[in-house]
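One letter stands for each residue in the lines below.
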Amino acid sequence: SQQGEEDPQALSIQEGENATMNCSYKTSINNLQWYRQNSGRGLVHLILIRSNEREKHSGRLRVTLDTSKKSSSLLITASRAADTASYFCATRSNDYKLSFGAGTTVTVRA
Amino acid sequence: DSGVTQTPKHLITATGQRVTLRCSPRSGDLSVYWYQQSLDQGLQFLIQYYNGEERAKGNILERFSAQQFPDLHSELNLSSLELGDSALYFCASSAGRVTNEKLFFGSGTQLSVL
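Chains as they are written, first to last, in our numbering: chain C, 1 to 110; chain B, 111 to 224.
Be careful, since some hints might not be right.
What the hints assert, rightly or not - Once the Cα atoms are required to be at most 27 Å apart in a straight line, the calculated DSS-like pairs of lysine-lysine come out as: (1) B/Lys119 x C/Lys70; (2) B/Lys119 x C/Lys56; (3) C/Lys97 x C/Lys69; (4) C/Lys56 x C/Lys69; (5) C/Lys97 x B/Lys119.
To be verified - Quick look at which bits of chain B chain C covers, simulated, 3 or more residues with Cβ under 8 Å: (6) 118-126; (7) 148-157.
Keep in mind that the hints were calculated from the coordinates and are not lab data.
Positions of the beta carbon are idealized from the N, C-alpha and C atoms, including for glycine.
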């Protein structure tokens, strides 16, 4: 079973627009990570937020974490065609497992 | 390039057969993770090794087994293969020393069971 669930499942936006996707999880976590996967390829780490952090930025990425609601969001600002990919949240609990959600497929239209 | 090497890239086999997937982690990484990705199940955590020892176990079937060798490379053995085992199998590695670590993924092995 998966720990995290992303919402929406799919997102289509125009180049230059912002993309927001959400992740909800079930049990307490040590940290939450976001990864990107281009079609059929390996996942690439984007950003990690620890359970005692509320917000983190990396370039055009902004991640928030609300442990009371067991949810996180990933915002990609000023999207580009190259941002077209699937985005996954992953949660690390104290048992070392890193569990991934089902992912959000983002399509950026030129 | 993540530095994680997986071989082979593609594997086509028949039901009932046994296959071995191989993974070489990034230089210096002690932890190796195996994941299975399919359309219906998503990305499923199978198992993690740290410096040769099993550290965490996920949804790994009894027909599947893995190990990490002294040189830190890992192998995932899949036996008595079924059609439903067709999936993309990823290996990932991390330094393994702390839990606040990111994983580096290989490009995967696409397994097709016919």
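Consistency of the hints with the structure:
1. B/Lys119 x C/Lys70: Judged against 27 Å, a Cα distance of about 37 Å means the pair is violated.
2. B/Lys119 x C/Lys56: 35 Å, violated
3. C/Lys97 x C/Lys69: Distance ~21 Å between lysine 97 of chain C and lysine 69 of chain C Cα, so the pair holds.
4. C/Lys56 x C/Lys69: 17 Å, holds
5. C/Lys97 x B/Lys119: 25 Å, holds
6. 118-126: With 0 residues in contact (Cβ-Cβ under 8 Å with chain C), the coverage given for the segment 118-126 of chain B is violated.
7. 148-157: holds (count 4)
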